[in-house]
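Visitor: Sequence order for the protein chains is L and P.
Residue 7 in the working numbering sits at position 7 of the first sequence; the count goes up by one each step and never skips.
Residue 314 in the working numbering sits at position 314 of the second sequence; the count goes up by one each step and never skips.
Please note: incorrect hints may appear among the correct ones.
[Unchecked claim] Anything over 12 angstroms on all C-beta distances counts as not near chain P; from chain L, calculated:
id, residue
1, Q23
2, I40
3, Q58
4, K69
5, A90
6, F139
7, L153
8, E155
9, P156
10, P211
11, L230
12, A313
13, L320
14, R329
[To be verified] One-sided excerpt, in silico: chain L residues whose CB lies under 10 angstroms from chain P:
id, residue
15, L48
16, Q49
17, R82
18, L142
19, S145
20, V168
21, S171
22, R189
23, A216
24, T217
25, E220
26, L221
27, T222
28, L297
29, R306
Honestly, the hints are just simulated from the structure, not real lab data.
All values derive from a computational prediction rather than experimental measurement.
For every residue, glycine included, the Cβ atom is placed at its ideal position computed from N, Cα and C.
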Amino acid sequence: MNGIALAGAGWGGQGLLAALLIQAGQMALVLLAAPLLVGIVRKAKARLQRRRGASVLQPYRDLRRLLGKEVVLAENASWLFRTAPYAIFAATWVAAALVPTFATGLIFSWTGDLIVITALLGGARFALALAGMDIGTSFGGLGASREVMIASLAEPAMLMLVFCVAIVAGSTQLSSVAAYMLTQPVGLRVSLALALVALCIVAVAENGRVPVDNPATHLELTMVHEAMVLEYSGRHLAMIELASALKLLLFASLIGCLFFPFGLAHAGSAWTGYLLAIGLWCGKLLVMAGLLGTLELSIAKMRVFRVPNFLGAAFMFGLLGVLLLFVSRGM
Amino acid sequence: MSAHYRRTQVDAAAWEEAADALVAGETTLLSLWAEIGCVHMAVLDETGPDAAAGGGRIAILSLDCPDACFPSVGRRHPPAIRLERAVRDLFGLVPEGLPDTRPWLDHGRWGEESVPAAAYPFLPVEGDGLHQIPVGPVHAGIIEPGHFRFTCDGETVVRLEERLGYVHKGIDHLLAGAPLPAAARIAARVSGDSTVACSLGFARAVEQGLDIAPPLRAVWLRAVMAEVERLANHLGDWGAICNDAAFSLMLAHCGVLRERVLRTAATCFGHRLMMDRVVPGGVAVDLDAAGLAALHDLVALLRARVPPLVKLYDDTASLQDRTVGTGRVSPALVAQFGAGGFVGRAAGRAFDARRAIGDAPYDALSFEVPVLQAGDVNARVWVRIREIEQSLSLLEQLLRGLPTGPLRIPDDDLPRGSGEGLALVEAFRGDLFVWVRLEAGQVRRCHLRDASWFQWPLLEAAIEGNIVADFPLCNKSFNCSYSGHDL
Numbered sequence: 001m002n003g004i005a006l007a008g009a010g011w012g013g014q015g016l017l018a019a020l021l022i023q024a025g026q027m028a029l030v031l032l033a034a035p036l037l038v039g040i041v042r043k044a045k046a047r048l049q050r051r052r053g054a055s056v057l058q059p060y061r062d063l064r065r066l067l068g069k070e071v072v073l074a075e076n077a078s079w080l081f082r083t084a085p086y087a088i089f090a091a092t093w094v095a096a097a098l099v100p101t102f103a104t105g106l107i108f109s110w111t112g113d114l115i116v117i118t119a120l121l122g123g124a125r126f127a128l129a130l131a132g133m134d135i136g137t138s139f140g141g142l143g144a145s146r147e148v149m150i151a152s153l154a155e156p157a158m159l160m161l162v163f164c165v166a167i168v169a170g171s172t173q174l175s176s177v178a179a180y181m182l183t184q185p186v187g188l189r190v191s192l193a194l195a196l197v198a199l200c201i202v203a204v205a206e207n208g209r210v211p212v213d214n215p216a217t218h219l220e221l222t223m224v225h226e227a228m229v230l231e232y233s234g235r236h237l238a239m240i241e242l243a244s245a246l247k248l249l250l251f252a253s254l255i256g257c258l259f260f261p262f263g264l265a266h267a268g269s270a271w272t273g274y275l276l277a278i279g280l281w282c283g284k285l286l287v288m289a290g291l292l293g294t295l296e297l298s299i300a301k302m303r304v305f306r307v308p309n310f311l312g313a314a315f316m317f318g319l320l321g322v323l324l325l326f327v328s329r330g331m
Numbered sequence: 001m002s003a004h005y006r007r008t009q010v011d012a013a014a015w016e017e018a019a020d021a022l023v024a025g026e027t028t029l030l031s032l033w034a035e036i037g038c039v040h041m042a043v044l045d046e047t048g049p050d051a052a053a054g055g056g057r058i059a060i061l062s063l064d065c066p067d068a069c070f071p072s073v074g075r076r077h078p079p080a081i082r083l084e085r086a087v088r089d090l091f092g093l094v095p096e097g098l099p100d101t102r103p104w105l106d107h108g109r110w111g112e113e114s115v116p117a118a119a120y121p122f123l124p125v126e127g128d129g130l131h132q133i134p135v136g137p138v139h140a141g142i143i144e145p146g147h148f149r150f151t152c153d154g155e156t157v158v159r160l161e162e163r164l165g166y167v168h169k170g171i172d173h174l175l176a177g178a179p180l181p182a183a184a185r186i187a188a189r190v191s192g193d194s195t196v197a198c199s200l201g202f203a204r205a206v207e208q209g210l211d212i213a214p215p216l217r218a219v220w221l222r223a224v225m226a227e228v229e230r231l232a233n234h235l236g237d238w239g240a241i242c243n244d245a246a247f248s249l250m251l252a253h254c255g256v257l258r259e260r261v262l263r264t265a266a267t268c269f270g271h272r273l274m275m276d277r278v279v280p281g282g283v284a285v286d287l288d289a290a291g292l293a294a295l296h297d298l299v300a301l302l303r304a305r306v307p308p309l310v311k312l313y314d315d316t317a318s319l320q321d322r323t324v325g326t327g328r329v330s331p332a333l334v335a336q337f338g339a340g341g342f343v344g345r346a347a348g349r350a351f352d353a354r355r356a357i358g359d360a361p362y363d364a365l366s367f368e369v370p371v372l373q374a375g376d377v378n379a380r381v382w383v384r385i386r387e388i389e390q391s392l393s394l395l396e397q398l399l400r401g402l403p404t405g406p407l408r409i410p411d412d413d414l415p416r417g418s419g420e421g422l423a424l425v426e427a428f429r430g431d432l433f434v435w436v437r438l439e440a441g442q443v444r445r446c447h448l449r450d451a452s453w454f455q456w457p458l459l460e461a462a463i464e465g466n467i468v469a470d471f472p473l474c475n476k477s478f479n480c481s482y483s484g485h486d487l
């Protein structure tokens, strides 16, 4: 309710066309920036290993190469296998459009809240897991079963931290939450710190990064995400690669807008305000890419059956955050 | 100077008696191979009265097979099963009573016509909820081909069955009838990563067969090369094992060090892997003053750079969590199979050919043979780490005491005689067994048995009860040779 009320106030002053343009710009920007973020993380990892590493533009070249290649389909591939990449990409892109990356109050952000984002990502994962099993290879099934196990633990943790943030800000609406964090004297709150840790854990798990999964591995038997997409090729694989890059960007932006919302533009900002906000957003992403690279290098991948403990910790952090809030408010 | 042994022609009863001793654990099977119409078995007596003296410990039993069959040893002693299957594939001699009648190296594609090969009958699997995962023979990484058939209950591996033989090159056939220089080149290519050890084993066996002794400087230079090879491989393995647990930092560090070792080898001996540098009668290249200095620099560099890496390995809890307790092999199994190298020494089998055979120059050097009991991935890593330290110490001693003198007996001066020779050398993987029969200066029959023959079966045992995702880690910690095994 709150969201709708704010929505009217949000783009009312700006004009529908301008609001739509800004939203379109945001969607284009996340799509363009996502491969770069992946490239930067890879570059950071390479440099930390004292390797030269591929250019940060390599993910773009990979995408162009994949789009130019023909699709090789297994004989028994069903329509599901062929349509899943587009569904996954679309769901992830829409989810990314709902996140206030550099500005709050974007026109689409009023159509869905944090729970919708979680659901969209969950839907994309459901499609991918089904597609992984569609061909019937053992690796697809192995990857799908691992992915779903991880998801079944990551999603409750995600919802718990959503509640935690929502109780503080009084809304699950990301724009409202970010605006609240930006304008109200929230101060240092234990609950929010717990939620931040939980979100970082969930982000690592959701994006299949070390220590949960290793995106750089060639070992079929250890793969989670990669095992499901082993049978994909050509433009299908390009869609999936782009979707996972978008997902990484989405989570990085989410952490940024929830916990480090400084510099976000808001509806009615001047063009310079938007430009400044975009610059700041890029800065935040760079820092997070560096941190992710460092984390991935400093830790080994955990055993598959350790992942529940890891995600269980995220859930407990989220739950503790919620409980602390209740206690401090005396119900 | 080389491994002392005696070869005796035996009858079927004595053959069975030797098999009894193997089953009872009194002796260890070194190898089992064939010639046309004859089958040989080499056994090592680790407990006998001669053991301390180092003489008469290796015995070769030869059994004539006029009916093209021989009593199976593998029927009662599992380590012989794959060797006997290979004997049947390569020489058509039938191991009587061997329950596993499937071919091993022969994939049904050796015929002239391109007849499609019959499907290989994998071991049957029964039980609810079990599923199979076929992996290979082509893998996603740049490694050799081999097929692994996992039977799993969810993530837990119930059984792993290996199928090897994809890189069969016909080494035995190529070696038969080859003149010595050509044969030495073939032997050097049995397994590229242990080319020095293969060449060394072949050269020693030939020298014993011809009853000649290489110059002293060559003997020491061979040991230098063998230790440099061991360093390069152990460093590479250490990094690769950690990388399989997604700890790529260690791979980066170890990769740099391994590269330094290989470049030093190229500087000193003119080839990164030192291929064809060890030849029958001596060594092909000398170590000059610049090479000596480069080796001294290398030892100093590794002395400085390895300890921090050991600390990094030991202090990274997430890595320890992956390696400790993973892929355990029991000491009993290791003893039964006589597994050498880090696989054996990580599970209590203190066998090192350098110490047990005591060939020159190792009899004049002081070094330890690190032995651990745990038998897991972590123990295999630690054996490698300790062996790196020992190899550095050995290199220091070798460089200090390097004698001067001639390098080799020229090929033209090698006797054109006949004879038999045997060698057991310590490759980085473990003991490499070579037996050669020479006739008129040519190889009549040469058998090389890589340490992997007795390590591959233990990998099947190691993964049992572990989860599928831990297999790459176990596999890398074994790092068995495909090429050396498939011959």
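Visitor: None of the hints should be skipped; say for each whether it holds.
Guide: Verification of the hints:
no.	hint	verdict
1	Q23	holds (38 angstroms)
2	I40	holds (17 angstroms)
3	Q58	holds (17 angstroms)
4	K69	holds (18 angstroms)
5	A90	holds (29 angstroms)
6	F139	violated (8 angstroms)
7	L153	holds (15 angstroms)
8	E155	holds (21 angstroms)
9	P156	holds (22 angstroms)
10	P211	violated (6 angstroms)
11	L230	violated (9 angstroms)
12	A313	holds (14 angstroms)
13	L320	holds (24 angstroms)
14	R329	holds (38 angstroms)
15	L48	holds (8 angstroms)
16	Q49	holds (4 angstroms)
17	R82	violated (24 angstroms)
18	L142	holds (7 angstroms)
19	S145	holds (8 angstroms)
20	V168	violated (32 angstroms)
21	S171	violated (38 angstroms)
22	R189	violated (30 angstroms)
23	A216	holds (7 angstroms)
24	T217	holds (7 angstroms)
25	E220	holds (6 angstroms)
26	L221	holds (5 angstroms)
27	T222	holds (5 angstroms)
28	L297	holds (5 angstroms)
29	R306	holds (7 angstroms)
Checked against the numbered hints above, the structure breaks hints 6, 10, 11, 17, 20, 21, 22 and satisfies the rest.
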